[in-house]
Structure formats: C-alpha cells, structure tokens
Amino acid sequence: MSQFNSIENQQGLPVGLGSPQVYPPVVHLGDAAFSEAWVMTPIGTVPLRGTQIFIADQTRSERYTPGWAIALAIIGFFFLLLGLLFLLVKEERVVGYVQITITNGAFTYQTMEPVVFNRAAQMQDVQNRANYARGLIMRASA
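Numbering-wise (the numbering used here), the sequence shown opens with residue 1 and increments by one.
Worth flagging that the hints you see were computed from the coordinates, not collected in a lab.
Careful: at least some of the hints might be erroneous.
Here are the computed distance ranges between Cβ atoms for each label pair [stated by the list, open to error]: (1) Gly105 / Thr65: 44 to 52 Å; (2) Gln52 / Asn118: 23 to 31 Å; (3) Gly76 / Pro114: 34 to 42 Å; (4) Val27 / Phe79: 52 to 60 Å; (5) Pro25 / Ala142: 15 to 23 Å; (6) Gln99 / Gly76: 39 to 47 Å; (7) Ser141 / Val95: 34 to 42 Å; (8) Ser141 / Ile70: 51 to 59 Å; (9) Pro114 / Arg63: 14 to 22 Å; (10) Ser141 / Glu92: 37 to 45 Å.
Calculated lysine to any residue pairs in the SDA-like style (CA-CA distance at most 25 Å, straight line) [said to hold, decoys possible]: (11) Lys90 / Ile75; (12) Lys90 / Arg63; (13) Lys90 / Ile70; (14) Lys90 / Trp68; (15) Lys90 / Leu80; (16) Lys90 / Ile55; (17) Lys90 / Ile74; (18) Lys90 / Val116; (19) Lys90 / Phe117; (20) Lys90 / Arg119; (21) Lys90 / Ala71; (22) Lys90 / Arg60; (23) Lys90 / Leu72; (24) Lys90 / Ala121; (25) Lys90 / Thr59; (26) Lys90 / Ala73; (27) Lys90 / Ala69; (28) Lys90 / Phe79.
We treat Cβ as the ideally placed atom computed from N, Cα and C, and that holds for glycine.
Whole structure, please, built from the sequences with the hints as guidance.
Following this line, the structure appears as structure tokens:
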C-alpha cells in the first residue's frame with residue numbers, strides 16, 4: 001500500500017482522496033464523467049484539481065432542396081411550367097458536433113456531442129454542464 005501512495009505522490013495525485021469509485025458522477029460531458037473529486041474518461045481517471053475544460057462549436061447550417069420539391073417539380077414540369085417553382089423551396093438543417101476538450105497536466109481527452117435539432121439549445125446545455133463542471137473544479141482547487 002505504501003508503494004501505491006508513493007506512486008500517487010510522484011504523479012502529483014492528492015493522497016487524501018479515495019478511489020474514483022467512491023465518488024458518483026454528478027455531471028457528464030460526452031463520455032467523460034465528473035464527480036466531486038475526479039474526472040473519469042474511457043482512457044483514464046485524473047483528479048479534478050487543475051483540470052481545464054474547453055468547448056468548441058463545430059456545427060454548420062446546410063440549405064438544400066428537399067426530395068418532395070424535386071419530385072413535384074418534375075411532375076409539374078409536364079403539366080405546367082409553374083412546377084419548376086418547387087425548385088425554389090429550400091430547407092435548412094444543422095449538422096456537426098460540439099467538441100469538448102478536457103486537460104489536466106499532460107492528460108488530454110477529447111470527446112464530441114452530436115448536434116441534431118436545435119443548435120442554440122444544445123450549445124446552451126453543453127455550456128451549462130461545462131460551467132457546472134468548472135464550478136466543481138473551483139471547489140476542488142480551494
């Protein structure tokens with residue numbers, strides 16, 4: 001056991017904290033979970049103290065002509081030339097993801113959350129969860 005504590009001290013981990021399994025996650029960002037004292041990711045667990053979180057919006061809006069408008073334009077072309085007006089119909093969709101980067105010393109982990117419906121609402125949700133995790137980091141550092 002003393003050998004484990006000496007390894008912890010060499011890596012800069014706080015000695016007084018229990019294992020990550022003792023602390024249940026209180027917030028998730030992508031597949032990273034934050035507890036009161038630890039950041040748990042698929043590639044490893046690091047203490048919350050000294051952790052930084054960066055959020056990057058990697059979404060974009062695409063405009064396209066929907067399939068139903070193309071079909072009606074083809075059908076309408078044979079009956080009236082007004083059917084070509086259906087080609088002016090455009091729809092907009094949001095594609096992409098929110099990139100989340102978590103760093104602590106030499107430890108860096110990146111994860112993504114896809115954006116599917118409402119870009120502004122999903123960005124606000126990710127920012128709120130990141131701010132909550134930043135609050136946990138501030139409490140752990142105090």
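Hints, one by one, checked against the model:
For the pair Gly105 and Thr65, the supplied restraint of 44 to 52 Å holds, since their beta-carbon distance comes to about 50 Å. Evaluation of the 23 to 31 Å hint for Gln52 and Asn118 yields a pass: the beta carbon distance comes to about 28 Å. Distance hint for Gly76 and Pro114: a CB-CB separation of about 36 Å, consistent with the stated range 34 to 42 Å. Against the hinted window of 52 to 60 Å, the Cβ-Cβ separation of Val27 and Phe79 comes to about 58 Å, which satisfies the hint.
Evaluation of the 15 to 23 Å hint for Pro25 and Ala142 yields a pass: the beta carbon distance comes to about 21 Å. Judged by the Cβ atoms, the range 39 to 47 Å given for Gln99 and Gly76 holds: they are separated by roughly 43 Å. Between Ser141 and Val95 the beta carbons are some 37 Å apart, a value that agrees with the proposed interval 34 to 42 Å. Checked against the hint of 51 to 59 Å, the pair Ser141 and Ile70 passes, with Cβ atoms roughly 57 Å apart.
For Pro114 and Arg63, the Cβ-Cβ distance of about 20 Å falls inside the hinted range of 14 to 22 Å, so the restraint holds. Our hint of 37 to 45 Å for Ser141 and Glu92 holds, since their Cβ atoms are close to 43 Å apart. For the suggested pair Lys90 and Ile75, the alpha carbons sit about 18 Å apart, so the restraint of at most 25 Å is met. Among the hinted pairs, Lys90 with Arg63 is consistent with the structure: their alpha-carbon atoms are about 6 Å apart, no more than 25 Å.
The straight-line distance between the Cα atoms of Lys90 and Ile70 is roughly 11 Å, inside the 25 Å bound, and the hint therefore holds. For the proposed pair Lys90 and Trp68, the alpha carbon gap of about 11 Å is at most 25 Å, so the pair holds. Using a Cα cut-off of 25 Å, the hinted pair Lys90 and Leu80 holds, with the two alpha carbons roughly 21 Å apart. Between Lys90 and Ile55, the direct Cα distance comes to roughly 31 Å. Violation of the 25 Å bound is thereby established for this hinted pair.
In summary, the hint linking Lys90 to Ile74 is supported, as the alpha carbons are separated by about 16 Å, within the 25 Å threshold. A hinted pair counts as satisfied when its Cα atoms are at most 25 Å apart, and Lys90 with Val116 qualifies at roughly 18 Å. Of the supplied pair hints, the one linking Lys90 and Phe117 holds, its CA atoms being roughly 17 Å apart against a limit of 25 Å. For the proposed pair Lys90 and Arg119, the alpha carbon gap of about 19 Å is at most 25 Å, so the pair holds.
Straight-line distance between C-alpha atoms of Lys90 and Ala71 comes to about 14 Å, which keeps the hinted pair within the 25 Å bound. Taken as a hint, the Lys90 and Arg60 pair is honoured in the structure, with Cα atoms around 16 Å apart against an allowance of 25 Å. Pair hint Lys90 plus Leu72 holds up; C-alpha atoms about 14 Å apart against a cutoff of 25 Å. A distance of roughly 23 Å separates the Cα atoms of Lys90 and Ala121; the hinted pair therefore holds under the 25 Å criterion.
With a CA separation close to 19 Å, the supplied pair Lys90 and Thr59 stays within the 25 Å bound. Proposed proximity of Lys90 and Ala73 is supported: the alpha carbons are some 13 Å apart, at most 25 Å. Between the alpha carbons of Lys90 and Ala69 the distance comes to roughly 9 Å, so the proposed pair stays at or under 25 Å and holds. For the given pair, Lys90 sits about 22 Å from Phe79 by alpha-carbon distance, which is consistent with the 25 Å threshold.
In summary, the one numbered hint that this structure violates is 16.
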